[in-house]
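Peer 1: Sequential numbering from 5 applies to the sequence shown in the numbering used here.
Honestly, the hints are just simulated from the structure, not real lab data. It is possible that part of the hints are untrue.
To be verified - With a straight-line Cα cutoff of 27 Å, these simulated DSS-like cross-link-like pairs (lysine-lysine) come out: (1) Lys10 to Lys33; (2) Lys22 to Lys50; (3) Lys22 to Lys33; (4) Lys49 to Lys32; (5) Lys32 to Lys22.
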Amino acid sequence: MYSYRKDPLYPTVDLTLKEIEISQNRAKKLRAHAFMTLINGLYEKKVDSDSDKAIPVQPTHATGALK
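Build out the structure end to end from the sequences listed, making use of the hints.
Peer 2: Now the structure itself:
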């Protein structure tokens, strides 16, 4: 039976707590960026379909999170 633990493509690595925390923070930032990109895309579609009087939102807070 297949086990990913015995697969040479998935070598085992011992991570420190700091490395785990860094990885979790990066994952949170990526999820936040993906969420804001989705929301901005939906908003832009709504703005394009509703009215030319709507004010576009600048996504600086979403892209600033990854810097």
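Peer 1: Run every hint past the structure and note whether it holds.
Peer 2: Results of checking the hints against the structure:
1. Lys10 to Lys33: Violated - the C-alpha atoms of Lys33 and Lys10 are around 32 Å apart, more than 27 Å.
2. Lys22 to Lys50: Violated: Lys22 and Lys50 sit about 42 Å apart, past 27 Å.
3. Lys22 to Lys33: holds, 17 Å
4. Lys49 to Lys32: holds, 26 Å
5. Lys32 to Lys22: holds, 15 Å
Figure legend: structure checked against the earlier numbered hints; hints not met, in rising order: 1 and 2.
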